[in-house]
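Mind docking chain B on chain A? Use the hints.
There are 2 protein chains.
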Amino acid sequence: MEPMQSKQAAILSIGDELILGQSCDTNSAWLSYELLKHSIITAEHRTVADDRSAISLSIRSLAEQYDLLLITGGLGPTQDDMTREALGDVLNPGELLVEDLQARDDLVQWFSDRGLEIPESNFRQILRPSDMRMLHNPNGTAPGLSGVHSSCQIFALPGPPREMQPMFLNLVVPEIPKVDEAFSVRMAEVHEYGMGEAEAAQRLGEITDRNRNDRVGTTASEAIITARIRAHGSKEHAQQSCTEIADTVDRLWHPYSFGREGVTLASAVGTLLRDLQLTLVTAESCTGGWLSKTIVDVPGSSDYFLGGWITYANSMKQDNLHISEELLKQHGAVSEPVVRAMAEGALGSSQADLSVAVTGIAGPGGGTATKPVGTVFIAVGQRNSRGELSSFVRRFKFLAERSVVRDRAVKSALQMLRFTILNVTEDIPLLWQV
Amino acid sequence: MEPMQSKQAAILSIGDELILGQSCDTNSAWLSYELLKHSIITAEHRTVADDRSAISLSIRSLAEQYDLLLITGGLGPTQDDMTREALGDVLNPGELLVEDLQARDDLVQWFSDRGLEIPESNFRQILRPSDMRMLHNPNGTAPGLSGVHSSCQIFALPGPPREMQPMFLNLVVPEIPKVDEAFSVRMAEVHEYGMGEAEAAQRLGEITDRNRNDRVGTTASEAIITARIRAHGSKEHAQQSCTEIADTVDRLWHPYSFGREGVTLASAVGTLLRDLQLTLVTAESCTGGWLSKTIVDVPGSSDYFLGGWITYANSMKQDNLHISEELLKQHGAVSEPVVRAMAEGALGSSQADLSVAVTGIAGPGGGTATKPVGTVFIAVGQRNSRGELSSFVRRFKFLAERSVVRDRAVKSALQMLRFTILNVTEDIPLLWQV
Chain A
0 MEPMQSKQAA
10 ILSIGDELIL
20 GQSCDTNSAW
30 LSYELLKHSI
40 ITAEHRTVAD
50 DRSAISLSIR
60 SLAEQYDLLL
70 ITGGLGPTQD
80 DMTREALGDV
90 LNPGELLVED
100 LQARDDLVQW
110 FSDRGLEIPE
120 SNFRQILRPS
130 DMRMLHNPNG
140 TAPGLSGVHS
150 SCQIFALPGP
160 PREMQPMFLN
170 LVVPEIPKVD
180 EAFSVRMAEV
190 HEYGMGEAEA
200 AQRLGEITDR
210 NRNDRVGTTA
220 SEAIITARIR
230 AHGSKEHAQQ
240 SCTEIADTVD
250 RLWHPYSFGR
260 EGVTLASAVG
270 TLLRDLQLTL
280 VTAESCTGGW
290 LSKTIVDVPG
300 SSDYFLGGWI
310 TYANSMKQDN
320 LHISEELLKQ
330 HGAVSEPVVR
340 AMAEGALGSS
350 QADLSVAVTG
360 IAGPGGGTAT
370 KPVGTVFIAV
380 GQRNSRGELS
390 SFVRRFKFLA
400 ERSVVRDRAV
410 KSALQMLRFT
420 ILNVTEDIPL
430 LWQV
Chain B
0 MEPMQSKQAA
10 ILSIGDELIL
20 GQSCDTNSAW
30 LSYELLKHSI
40 ITAEHRTVAD
50 DRSAISLSIR
60 SLAEQYDLLL
70 ITGGLGPTQD
80 DMTREALGDV
90 LNPGELLVED
100 LQARDDLVQW
110 FSDRGLEIPE
120 SNFRQILRPS
130 DMRMLHNPNG
140 TAPGLSGVHS
150 SCQIFALPGP
160 PREMQPMFLN
170 LVVPEIPKVD
180 EAFSVRMAEV
190 HEYGMGEAEA
200 AQRLGEITDR
210 NRNDRVGTTA
220 SEAIITARIR
230 AHGSKEHAQQ
240 SCTEIADTVD
250 RLWHPYSFGR
260 EGVTLASAVG
270 TLLRDLQLTL
280 VTAESCTGGW
290 LSKTIVDVPG
300 SSDYFLGGWI
310 TYANSMKQDN
320 LHISEELLKQ
330 HGAVSEPVVR
340 AMAEGALGSS
350 QADLSVAVTG
360 IAGPGGGTAT
370 KPVGTVFIAV
380 GQRNSRGELS
390 SFVRRFKFLA
400 ERSVVRDRAV
410 KSALQMLRFT
420 ILNVTEDIPL
430 LWQV
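So the protein lines, in turn, are chains A and B.
If you're matching positions, the first sequence starts at 0 in numbering that gives the first Met the number 0 and goes up one per residue.
If you're matching positions, the second sequence starts at 0 in numbering that gives the first Met the number 0 and goes up one per residue.
The shape of chain A in the complex, shown without the other chains (with noise of 0.2 Å):
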């Protein structure tokens, strides 16, 4: 197709439990940011219940609306799973659906790789209105469709995102017109933890102002704040006004930014800990693994990640950390004494050159007035080059529930190791340290 100066796309959700409020949806706000990388705008998102009609008369007003249109959902095996149907009684209406043959010999493959027989009711999946070509989906039983109306493009993606979100990029990605290049729009992001995100947009000054041309927003999740940029223009200008406004933010936000779009703390800290060829243990007590989980979240992380020591119970503190009973009876197993016995412990019954260990009360229960819910004390220790062992405490007040107390701990635990990496650990404060 040839380039065009700009695109309207629309997005249809579709599911009973999304109208229903039983899930929310994330797969319009995650397509609309990707298509805004190659330059296209999404004007409108629409959501229906699995019903026949419903979904039909949203795609007949949409592609008379918008140059693209993605669906998403009702793709499945089961007999709610209406797009299909759908799109048939727009594209070819009056017309039975026909079954496709590669997606047959897909279908077979999947199962017989999986040592599965085939349920009767997945031969639906391979039914396509004439007129739409499959996609084939690798992560699933569900091929995705792809067709015309009304001079709108149309693809219809299955719902689950690890399905929907390859075959976006490897199948619709490239089907999708191009726009002229003189109209690009590049994005980049930034993330930092550690500092509030009213603290971050004050570091950030007058690049976050509404009336330049390149845009900068903060955006906070889970309290990850992230600077999204994303600059207009000619494509090479986009792109360098865009690795300028993200050097720019890195720095502003120094020593809490940790890196860029596909970056976790996790994955900064392990490309620290493989460049220094340094390796790691850790000993959680309220994180119970979520701090090893997220370590080991990053793929290659075997190559700086020992193990650690998930010591919930006191028993298995002094048995496996040889932490003794009168430390752990007149501190308390939520204490500075403690954890850092937990961060020399997990070195002295390993041969790692760091540890990280975390001790809290992530509550509902548990809490003390001098240690209420979401105190949690964290340590990292270290081997020096002459095997002696040392380690530093940080102490922080997470005012949350349950999971928030932990994902907090998690958090606070790699970015202390960050630092200590870095050499930034003595005077930067993190976020929530008391």
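If you're looking for bench data, these hints aren't it; they were derived computationally from the structure.
This one's a predicted model, so the numbers in the text were calculated from it and none came from an experiment.
Backbone N, C-alpha and C fix where the C-beta goes; we use that ideal spot for every residue, glycine too.
Among these hints, one or two may not hold up.
Computed footprint of chain B on chain A; a stretch qualifies when at least three of its residues, placed anywhere within it, have a C-beta under 8 Å from a C-beta of chain B [to be verified]:
no.	region
1	20 to 32
2	214 to 227
3	286 to 292
4	301 to 308
Cut-off 20 Å, straight-line C-alpha distance, at most; resulting in silico cross-link-like pairs (SDA-like, lysine to any residue) [claimed, not checked]:
no.	chain 1	residue 1	chain 2	residue 2
5	A	328	B	301
6	A	36	B	21
7	B	396	A	111
8	B	370	A	115
9	B	396	A	115
10	B	396	A	116
11	A	177	A	40
12	A	36	B	16
13	B	370	A	111
14	A	36	B	15
Same frame as chain A, but now just chain B:
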């Protein structure tokens, strides 16, 4: 207003940040779910940009189709907040907005309470179409609006959830028409893990028939299959139908069904462990703490969870779970003998009654011809009343990316543990078991 039989609602969300995917619309799901509690079914969600004509077009078209329209967003003080003007274009076309005297007093009070000057732009927030009423906002400076167009009740609410939600509960709920108790709606959910969605649906048979009065649909989220039940009729009848259908689904899905709404695999296992006064430890390799994290997600898990070992490197398996170098060399770390040794080693190093161990190849690297990426061994270990240790193992092949392999391993481990406690381990296969 007099009660009515059935009532259909639409929700319109307004905002550039939503349509561009920079933030996700959670208000629509929240409002739909709240409306259902009052037996009102939402038929459509729509999102448009901060664009006066797009907003007024949507308001007109939704008001013509539905009985109730809830609008969120676009009521702020800045130039891009256009909801007031768009409502005027629909309800009082050609007229100027009028100033609301009560809203002016409220605005003056808001700023004087905080010792602040009123920014000029905030005076936009006290304007309304002459045929609408204002809804007081004690949590912000944006009043809501209420009016009627084309027999549709319209409420416009501020976008921030902590302003929108109390305004909805306190000022909108008392005004929405009561649905006749003879036309009540009640909901329930049943969750299962270990059967595919198609088999789960097949087992439900005719109760998922869409022509029935009571609706049962299935949805899959990260391999947890949920039956969503919606019963209609008189209040008592609807509640009774819901309970009866949920009981039936639970029975048809036995032993894979693990709980109703709000129950997770980990909380179901936790309830069993607590009731039977059993204690648990974990030994994790590829899941890297995720299994333990999931167990600790449940408040009160310290009643039965002692802790665990994350033995990511082989040195950790040898030093902490006393697995011999020979065993590791002979069979490899990902093998039945090693996972068995992990499960029994964890029991040997603790006082727990039960253990779960996981070892596998999560990828992307590390796969071999006989043990491809996705190969996972899971063992459940038990200590009997004479103190003797035993264990059994299942082997899985999760053909998916790293995070999915690990997620399914965690869920399979919890379901295996649940089967063990319930004595249904022997002959019930789990999805992806090989």
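Structure-based check of each hint:
Counting residues of the region 20 to 32 of chain A whose CB falls under 8 Å from any CB of chain B gives 12; the rule of at least 3 is met. Closer than 8 Å: that is the beta-carbon criterion, and the region 214 to 227 of chain A has 3 residues meeting it against chain B, so the requirement of 3 holds. With 7 residues having a beta carbon nearer than 8 Å to a beta carbon of chain B, the region 286 to 292 of chain A meets the requirement of three or more and the stated coverage holds. Judged by the Cβ-Cβ criterion of 8 Å, the region 301 to 308 of chain A is covered by chain B as claimed, because 6 of its residues qualify and three suffice.
A hinted pair counts as satisfied when its Cα atoms are at most 20 Å apart, and residue 328 of chain A with residue 301 of chain B qualifies at roughly 18 Å. With a CA separation close to 12 Å, the supplied pair residue 36 of chain A and residue 21 of chain B stays within the 20 Å bound. About 13 Å separates the Cα atoms of residue 396 of chain B and residue 111 of chain A, which keeps this hinted pair within 20 Å; it holds. Restraint check: the Cα-Cα separation between residue 370 of chain B and residue 115 of chain A comes to about 19 Å, which is no more than 20 Å; the hinted pair holds.
For the proposed pair residue 396 of chain B and residue 115 of chain A, the alpha carbon gap of about 12 Å is at most 20 Å, so the pair holds. Between the alpha carbons of residue 396 of chain B and residue 116 of chain A the distance comes to roughly 16 Å, so the proposed pair stays at or under 20 Å and holds. Annotation: proposed proximity of residue 177 of chain A to residue 40 of chain A holds, straight-line Cα distance about 13 Å (limit 20 Å). Restraint check for residue 36 of chain A and residue 16 of chain B: the C-alpha separation of about 15 Å stays at or below 20 Å, so the hint holds.
Of the supplied pair hints, the one linking residue 370 of chain B and residue 111 of chain A holds, its CA atoms being roughly 18 Å apart against a limit of 20 Å. Using a Cα cut-off of 20 Å, the hinted pair residue 36 of chain A and residue 15 of chain B holds, with the two alpha carbons roughly 16 Å apart.
Consistency with the previously given hints is maintained throughout, with no hint failing.
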